[in-house]
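Asker: Chains as they are written, first to last, in my numbering: chain A, 2 to 365; chain C, 2 to 365; chain H, 2 to 365.
Be aware that one or more of the hints could be misleading.
Unchecked claim - Simulated pairs of lysine-lysine, DSSO-like, Cα-Cα distance not exceeding 27 Å: (1) A:K5 with H:K347; (2) C:K324 with A:K289; (3) H:K5 with C:K311; (4) H:K5 with C:K324; (5) C:K5 with A:K347; (6) H:K324 with A:K5; (7) H:K5 with C:K289; (8) H:K10 with C:K324; (9) H:K324 with A:K10.
Rather than coming from a laboratory, the hints here were simulated on the basis of the structure.
If you want the building blocks of each chain, they are given just below.
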Amino acid sequence: MNRKILEPKYGRLLDDFRVGDVYHHPWEVTIDDGMLAMFAASFLDPNPLYSSTRFARDLGFRDRVVHPLVMLNLALSFTVHDVSEQAIAHLAYIDLKFPNAAYSRDTLSVYSEILGIRLSESKRDRGVVHLRTTAVNQNGLVLLIFERKALVPVGKLAGRAHPVQPAAEGLTPRPLSTSSEAVALPPELVTEIKTPQWPGRPIGSYRDFDRGDTILHTLGHTVGESEHMQLTILTRNSHPLHFDEVYCRDRSFAKTRVVEGGLVFAWAASLASRDTTANALWDLGYDKGSHPAPVLSGDTLYAASQVLDKREHGAQTGIVRFKLVGVKNETPASLLRRGVDLFDGKFEQKVFEIEREVLLALRS
Amino acid sequence: MNRKILEPKYGRLLDDFRVGDVYHHPWEVTIDDGMLAMFAASFLDPNPLYSSTRFARDLGFRDRVVHPLVMLNLALSFTVHDVSEQAIAHLAYIDLKFPNAAYSRDTLSVYSEILGIRLSESKRDRGVVHLRTTAVNQNGLVLLIFERKALVPVGKLAGRAHPVQPAAEGLTPRPLSTSSEAVALPPELVTEIKTPQWPGRPIGSYRDFDRGDTILHTLGHTVGESEHMQLTILTRNSHPLHFDEVYCRDRSFAKTRVVEGGLVFAWAASLASRDTTANALWDLGYDKGSHPAPVLSGDTLYAASQVLDKREHGAQTGIVRFKLVGVKNETPASLLRRGVDLFDGKFEQKVFEIEREVLLALRS
Amino acid sequence: MNRKILEPKYGRLLDDFRVGDVYHHPWEVTIDDGMLAMFAASFLDPNPLYSSTRFARDLGFRDRVVHPLVMLNLALSFTVHDVSEQAIAHLAYIDLKFPNAAYSRDTLSVYSEILGIRLSESKRDRGVVHLRTTAVNQNGLVLLIFERKALVPVGKLAGRAHPVQPAAEGLTPRPLSTSSEAVALPPELVTEIKTPQWPGRPIGSYRDFDRGDTILHTLGHTVGESEHMQLTILTRNSHPLHFDEVYCRDRSFAKTRVVEGGLVFAWAASLASRDTTANALWDLGYDKGSHPAPVLSGDTLYAASQVLDKREHGAQTGIVRFKLVGVKNETPASLLRRGVDLFDGKFEQKVFEIEREVLLALRS
Numbered sequence: 002m003n004r005k006i007l008e009p010k011y012g013r014l015l016d017d018f019r020v021g022d023v024y025h026h027p028w029e030v031t032i033d034d035g036m037l038a039m040f041a042a043s044f045l046d047p048n049p050l051y052s053s054t055r056f057a058r059d060l061g062f063r064d065r066v067v068h069p070l071v072m073l074n075l076a077l078s079f080t081v082h083d084v085s086e087q088a089i090a091h092l093a094y095i096d097l098k099f100p101n102a103a104y105s106r107d108t109l110s111v112y113s114e115i116l117g118i119r120l121s122e123s124k125r126d127r128g129v130v131h132l133r134t135t136a137v138n139q140n141g142l143v144l145l146i147f148e149r150k151a152l153v154p155v156g157k158l159a160g161r162a163h164p165v166q167p168a169a170e171g172l173t174p175r176p177l178s179t180s181s182e183a184v185a186l187p188p189e190l191v192t193e194i195k196t197p198q199w200p201g202r203p204i205g206s207y208r209d210f211d212r213g214d215t216i217l218h219t220l221g222h223t224v225g226e227s228e229h230m231q232l233t234i235l236t237r238n239s240h241p242l243h244f245d246e247v248y249c250r251d252r253s254f255a256k257t258r259v260v261e262g263g264l265v266f267a268w269a270a271s272l273a274s275r276d277t278t279a280n281a282l283w284d285l286g287y288d289k290g291s292h293p294a295p296v297l298s299g300d301t302l303y304a305a306s307q308v309l310d311k312r313e314h315g316a317q318t319g320i321v322r323f324k325l326v327g328v329k330n331e332t333p334a335s336l337l338r339r340g341v342d343l344f345d346g347k348f349e350q351k352v353f354e355i356e357r358e359v360l361l362a363l364r365s
Numbered sequence: 002m003n004r005k006i007l008e009p010k011y012g013r014l015l016d017d018f019r020v021g022d023v024y025h026h027p028w029e030v031t032i033d034d035g036m037l038a039m040f041a042a043s044f045l046d047p048n049p050l051y052s053s054t055r056f057a058r059d060l061g062f063r064d065r066v067v068h069p070l071v072m073l074n075l076a077l078s079f080t081v082h083d084v085s086e087q088a089i090a091h092l093a094y095i096d097l098k099f100p101n102a103a104y105s106r107d108t109l110s111v112y113s114e115i116l117g118i119r120l121s122e123s124k125r126d127r128g129v130v131h132l133r134t135t136a137v138n139q140n141g142l143v144l145l146i147f148e149r150k151a152l153v154p155v156g157k158l159a160g161r162a163h164p165v166q167p168a169a170e171g172l173t174p175r176p177l178s179t180s181s182e183a184v185a186l187p188p189e190l191v192t193e194i195k196t197p198q199w200p201g202r203p204i205g206s207y208r209d210f211d212r213g214d215t216i217l218h219t220l221g222h223t224v225g226e227s228e229h230m231q232l233t234i235l236t237r238n239s240h241p242l243h244f245d246e247v248y249c250r251d252r253s254f255a256k257t258r259v260v261e262g263g264l265v266f267a268w269a270a271s272l273a274s275r276d277t278t279a280n281a282l283w284d285l286g287y288d289k290g291s292h293p294a295p296v297l298s299g300d301t302l303y304a305a306s307q308v309l310d311k312r313e314h315g316a317q318t319g320i321v322r323f324k325l326v327g328v329k330n331e332t333p334a335s336l337l338r339r340g341v342d343l344f345d346g347k348f349e350q351k352v353f354e355i356e357r358e359v360l361l362a363l364r365s
Numbered sequence: 002m003n004r005k006i007l008e009p010k011y012g013r014l015l016d017d018f019r020v021g022d023v024y025h026h027p028w029e030v031t032i033d034d035g036m037l038a039m040f041a042a043s044f045l046d047p048n049p050l051y052s053s054t055r056f057a058r059d060l061g062f063r064d065r066v067v068h069p070l071v072m073l074n075l076a077l078s079f080t081v082h083d084v085s086e087q088a089i090a091h092l093a094y095i096d097l098k099f100p101n102a103a104y105s106r107d108t109l110s111v112y113s114e115i116l117g118i119r120l121s122e123s124k125r126d127r128g129v130v131h132l133r134t135t136a137v138n139q140n141g142l143v144l145l146i147f148e149r150k151a152l153v154p155v156g157k158l159a160g161r162a163h164p165v166q167p168a169a170e171g172l173t174p175r176p177l178s179t180s181s182e183a184v185a186l187p188p189e190l191v192t193e194i195k196t197p198q199w200p201g202r203p204i205g206s207y208r209d210f211d212r213g214d215t216i217l218h219t220l221g222h223t224v225g226e227s228e229h230m231q232l233t234i235l236t237r238n239s240h241p242l243h244f245d246e247v248y249c250r251d252r253s254f255a256k257t258r259v260v261e262g263g264l265v266f267a268w269a270a271s272l273a274s275r276d277t278t279a280n281a282l283w284d285l286g287y288d289k290g291s292h293p294a295p296v297l298s299g300d301t302l303y304a305a306s307q308v309l310d311k312r313e314h315g316a317q318t319g320i321v322r323f324k325l326v327g328v329k330n331e332t333p334a335s336l337l338r339r340g341v342d343l344f345d346g347k348f349e350q351k352v353f354e355i356e357r358e359v360l361l362a363l364r365s
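Isolated chain A (complex conformation) (with noise of 0.2 Å):
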């Protein structure tokens, strides 16, 4: 008999990537009211879209929507176990889009496409692999899709344990865009909206926003332990970054463990929404994403916005462009008070930053 001692490993290095694989991501999950409701308890949203079922269907939706975030992060965190299990860091969040509305009970697969893989050239023992990922539901509709870069080492990985990957056939998502003018609409805000009665729903249509305004959110948000360890295993992110102390005590660059980055990039957008999208029709997008320092268990985060753009769309609605930060351990109007830059400096508070565009009613 042959005996074998096996350590099966996941992820890949450097050079087990190729331009123009596939991978599509072992977790197939549908998504149920368990995890909406652990995401409600981790990050507060007044929008009814996402929390009242009421609401949506006076909308036009089917039931109440799931939260963007939470897609973001259950799609984020699919594409580990074939990405990024071996990766030092996540770098970029590049054109994430929500084409269509995803409910609980849907089941969720998510597949990844390699787009390109670089050298790093001040670093040569490491490298930029970019990829694009989607999401769809048990009907192949696209719910989902980003483009994302994650710093791996260089190499080949020993014992990696992925299967062979059949072929990409018939996973082509459907085409994204619903609307002629190619914003990122679900079907169901196509035409014409009638916003629901909402008593008591905070400030926050298209006219109470200008270009240039900053809003500093006061809402904090002190990060649990064990809070943000099983958002990342609910999420089925698989990196020992986030959940393994004793593998962190020598492999992590904090030497504990970090907190996923999805995660931060919700509790950045949950701790302005109160401020700014409480009333948005729906979350057109995200770009130019990044983490620019870490989060551990312990740390305060709050967030700060500006509004960059703003331009009518249609009769009823219109686009505001956001630029959210994320900073830690002050708030940002101490920060602002210091002289710091919030929105364009480099400052080692500022753990995420990124562009966004939400429809508005025109008027509320």
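Following the hints, position chains C and H against chain A.
Answerer: Showing chains C and H alone in chain A's frame:
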């Protein structure tokens, strides 16, 4: 271009309130099984009315009933955005009733009316706001109604971002009383009650309780850091005292995060549940509740009950009136051995007290 | 008036048990998607039978199947109130089987029969209780059956508050065997099995495992404090060892809270799942399980598997028998390098061991 720097604030200071004002709180939330599971993961309660669809249906309800203290926590937390996000403390629970059953997938809306405003006589920089809060489902049916008092600093809040409130038209709650005897019973329990079989149920019918009995509950619960923050956010409580450590370092009376009062209430009730309400048919109401001392993450909570009174109610059921107290970091048995007056005394370990009435079958 | 002071206690001491007694545990719980999400947030498992409605339906089930280790944790925890709330330790898992699939919204009831009572020969103040526990759904269908042994102090429990048990009429479980070969297979898998397509699935059909193979699983999991307490309460485990720090300071062998054994079991299995059971069609059973050392919050768990045996089962499937071990705070690879006998040795890092059989398709 007029580049503004905004720092939107929520809640109100004493001079922002007017008697008769009605606030429609912005959170509109569909209750779901995820929310129920997260509460079940912190609050042990054997009563199958809240956990078993089989039992609840046999008793005449259409599904298991959402636990009354889930409802209290949701309704209380929903009010914070408008009422108490700037408050110093929550002072009192008054006349809390549950006139109708709530179910998973009901959509909850909450509004509050200001009943009174009073400047503190001892400390002139603060005052007491007295309000009545009503929670309704998507059909306008009243699920919960209660009054509370909060301690609020004097002044008007600069940067207050609430929209002007629409008129409170159509918001008069339906009459509460569904029984000729003015006991807040849901319609399902007004007719003849056939208690379903429940193998293995703990002791606790009407005849098992005698006036004057003291029950020292042995179960304790150490509060987890992530646990209490997640439940606070899940219920949409927006007061930074509970989840923003940077805010708390300067502005919390405890210099750190403080556990939300509604959760302490729920822990006291759940720690008592196995010995008192395992067989309760309905929580008829709570009154005269307060939090004499704060609870921090890591504190261990215990509870004790005293039978204040009992009376028969119809041919099948009786009503038992309990005093319920919550204490921290020492068992009620130990406190009693040291001569502490658990129910009427003041002592540093006492974190909660309230009176409650429950409907019980006369015999099991 | 006779004012009594009561301190109701639960569980039993050795002399409270009689062979043949049947306890109907008081918890009657409808399994829900919230419960599944909370387990999914701690126990990473790629098998789509448990996560994907699409996959489970294509395999012949009516919905995704509740994970067997959710079922084990519920059933084990339900017994604590009657059996082991006063116990010193949980000693052994014996002959654990899952004869039928459980689904979300099934209502679970659990009862236990005392099979044996034996005084310890070395320490005369304690003894071993041997019981068989059965979990049934609302239709009386057996979902899980297992035996276990617990170490209990001698004596009779003063203040024991359990009601006198009704006769065990009508509680004989239905015959377990649904297959002529006495393998505990649910009806859905007794006929021809058509394994659904699953793009991206990890390696792991019958032919991938060879007798004697050792698999060192690389994933670890650091146990969160809130995380393990929430899962303990969610499953209705009422032993204060797991969530009452004041109790534990005096009465825990570890002087602090100890992670519930069923959770350690589930972590070991989940950490092994990507390399062993990602493609399993059914968990045929576990046997000879024990916890040689305790796990505390903050410990990091790892797992290793050994292929003990394999045999074909019909034309399409085979059965692989694994030994599964769980270790803490050092990787299995590191322990092996230091010469530790992972599977048959005794060493301080070993926190769990068990044997298991899984049904696998012959080829993928």
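Asker: Next, verify each hint and record whether it holds.
Answerer: Against the structure, the hints:
Note on K5 of chain A and K347 of chain H: the hinted pairing holds, with a Cα-Cα distance of about 22 Å set against a maximum of 27 Å. Only pairs whose Cα atoms come within 27 Å are accepted, and K324 of chain C paired with K289 of chain A is rejected, the gap being roughly 58 Å. Taking the CA atoms of K5 of chain H and K311 of chain C, the gap is about 15 Å. The hint holds against a cut of 27 Å. Taking the CA atoms of K5 of chain H and K324 of chain C, the gap is about 15 Å. The hint holds against a cut of 27 Å.
Restraint check: the Cα-Cα separation between K5 of chain C and K347 of chain A comes to about 22 Å, which is no more than 27 Å; the hinted pair holds. Restraint check for K324 of chain H and K5 of chain A: satisfied, since their Cα atoms lie roughly 15 Å apart, inside the 27 Å limit. Taking the CA atoms of K5 of chain H and K289 of chain C, the gap is near 24 Å; set against the 27 Å cutoff, the hint holds. At most 27 Å may separate the alpha-carbon atoms for a hinted pair to count; K10 of chain H and K324 of chain C meet this at roughly 20 Å.
With a C-alpha separation of about 20 Å, the suggested pairing of K324 of chain H with K10 of chain A holds against the 27 Å cut-off.
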